[in-house]
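Asks: If you're matching them up, the sequences are chains R and U in order.
Note that the numbering used here has the first sequence beginning at 1, numbered continuously upward.
Note that the numbering used here has the second sequence beginning at 187, numbered continuously upward.
FYI, nobody ran anything at the bench for these hints, they're computed from the structure.
Any given hint might turn out to be false.
[What the hints assert, rightly or not] Distance condition first, Cα-Cα at most 25 Å in a straight line; then the derived SDA-like pairs of lysine to any residue:
#1 U:Lys-205 with R:Met-74
#2 U:Lys-205 with R:Ala-92
#3 U:Lys-205 with R:Gly-75
#4 R:Lys-67 with R:Ser-104
#5 U:Lys-205 with R:His-149
#6 U:Lys-205 with R:Lys-67
#7 U:Lys-205 with R:Gln-78
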Amino acid sequence: MHDLVAITPLGAVRPKVDSHGPVTLTEVTDRALASVAARLGHEAETATALERLLGAPAPGPARHGGKSLMAFWMGPEQWMVEASFETHEDLARQIGSDLGAAASVTEQTDAWCRFDLTGDGLADVFERLTTANVRAFEGGEAQRASVDHMGCFVLCHDARHISVLGPRSSAGSLHHALLTAMRSAH
Amino acid sequence: MLINHPLLGPRDASEFIYKGDAALIHRPDPTAPDAQEVFIDYGYLRDNPAGAHRELWFHEQGDRSWLVVTRDTVTHEITEVELARDVARREGRSK
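One chain only, chain R, in its complex shape (with noise of 0.2 Å):
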């Protein structure tokens, strides 16, 4: 085997993070993700699967929640699952095979990069990037939205600790944009 060394989105070894007045902003490189789709004809039969998985409902529309696993939705009968990498590695595998052939089970881990924006003032810094409405946020909302041209999901845990979810292959113009905006709002 090749002894081979992760790096993160940004190409570092370690997460970046940055603060700038009230906020934090993390690299977050733990998670591991799954997209769920659910074929046509098995839409109730993956909802419950993935309600025993989750050990809660699906999310609903703009939605994300969970208790065993975590999830958020991504269009109508489609979620995005997370985990921690740590012990779900391998998370496409592992809930393909409770889901067979109910839904189609794609890994994405290494498509998207996060960012976690933690502090006070956090609807300041996201209406200078996206026309999602931040500051109507109060925890659970999950959308996907254009933050500055890129397409990304905004998930808010709550009103101070916000994650992104942007294209891994954009990881550093994303930053940019994020501590740009940071920098400028506060």
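Following the hints, complete the assembly by docking chain U onto the known chain R.
Replies: Leaving out everything else, chain U in the frame of chain R:
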């Protein structure tokens, strides 16, 4: 302009991409004997109403769903928005 997405509520038109006449859902049968004439109509002929127009919009910067939007071409008033999936299924397609 706002489009009232059936699942997500009102969204800015900048999140959407316009495709064209909703009649594009009715793709003709390519094996029919008159397929050539029908496909010429399908590909090139459009109604151009001054008034209510049913059209396809794609929510690209959103949930990636196709919508059938009924829009008044004179006033831009949007009177109805449905998932294209639901429209197609109601017409017996995409079972």
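Asks: Indicate, hint by hint, whether the structure satisfies it.
Replies: Evaluated hints:
1. U:Lys-205 with R:Met-74: holds (22 Å)
2. U:Lys-205 with R:Ala-92: violated (34 Å)
3. U:Lys-205 with R:Gly-75: The given pair, whose Cα atoms are some 19 Å apart, holds under the 25 Å limit.
4. R:Lys-67 with R:Ser-104: holds (22 Å)
5. U:Lys-205 with R:His-149: holds (20 Å)
6. U:Lys-205 with R:Lys-67: violated (40 Å)
7. U:Lys-205 with R:Gln-78: Given pair Lys-205 (chain U), Gln-78 (chain R) holds - Cα atoms ~23 Å apart, limit 25 Å.
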